[in-house]
Amino acid sequence: MKKLSKTQRVFIAMTASIAALAGAFFIAQPAKARGPIGGPLCGPTYQWSCSKVGGPSRLFIGTVCDKNAFEAKTGLTCTAF
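Under our numbering, the first residue of the sequence shown carries the number 453, and numbering increases by one thereafter.
Rather than coming from a laboratory, the hints here were simulated on the basis of the structure.
Don't take every hint at face value.
To be verified - Now the in silico label distances, taken between C-beta atoms and shown as ranges:
1) V462 with G495: 53 to 61 Å
2) L493 with I513: 49 to 57 Å
3) N520 with A480: 31 to 39 Å
4) S469 with Q499: 33 to 41 Å
5) A483 with K525: 37 to 45 Å
6) P496 with T529: 42 to 50 Å
7) T529 with A474: 52 to 60 Å
8) A465 with C517: 51 to 59 Å
9) A472 with Q499: 27 to 35 Å
Everything numeric in this text was worked out from a predicted model, so none of it was measured.
We put the CB at the ideal spot given by N, CA and C, even for glycine.
Build the full structure now, drawing on both the sequences and the hints.
This is the structure:
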């Protein structure tokens with residue numbers, strides 16, 4: 453049996469490495485995005501300035517989730533203060 457040259461051994465090793473990586477790539481499960489476990493991330497508490505067009509502004513303190521519920525309940529629009 454004929455002995456392989458250094459170049460041939462390197463080529464075979466590189467080919468085997470590429471084949472192993474390609475196999476792992478095609479076998480691996482696709483990543484799945486998951487939302488937060490405990491519900492939406494509402495963030496820290498902010499001060500919000502809430503008002504209607506032409507109306508007086510009203511100070512509201514709460515998280516983003518609190519602000520969204522407050523806007524839905526009152527019809528006001530809030531911006532971070």
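ask   = Quick one: are T529 and A474 within 52 to 60 Å, going by C-beta?
value = 54 Å, holds
query = Is it true that A465 and C517 lie within 51 to 59 Å of each other by Cβ?
reply = Given a distance of about 56 Å, which is inside 51 to 59 Å, the answer is holds.
inquiry  = Taking 27 to 35 Å as the stated bounds, is the beta-carbon spacing between A472 and Q499 within them?
reply    = 56 Å, violated
query = Should the hint that V462 and G495 are 53 to 61 Å apart at their CB atoms be regarded as holding?
reply = About 54 Å separates the Cβ atoms of V462 and G495, which means 53 to 61 Å holds.
message = Taking 49 to 57 Å as the stated bounds, is the beta-carbon spacing between L493 and I513 within them?
response = The hint (49 to 57 Å, Cβ to Cβ) is violated, given that L493 and I513 are roughly 18 Å apart.
query = S469 and Q499, beta-carbon distance inside 33 to 41 Å?
reply = 57 Å, violated
query = Does the Cβ-Cβ separation between P496 and T529 fall within 42 to 50 Å?
reply = Given about 21 Å between the Cβ atoms, the range is violated.
inquiry  = I want to verify a distance hint. Is the separation of the beta carbons of A483 and K525 within 37 to 45 Å?
reply    = 38 Å, holds
query = Does the Cβ pair N520, A480 satisfy 31 to 39 Å?
reply = 38 Å, holds
Of the numbered hints listed earlier, those contradicted by the structure are 2, 4, 6, 9.
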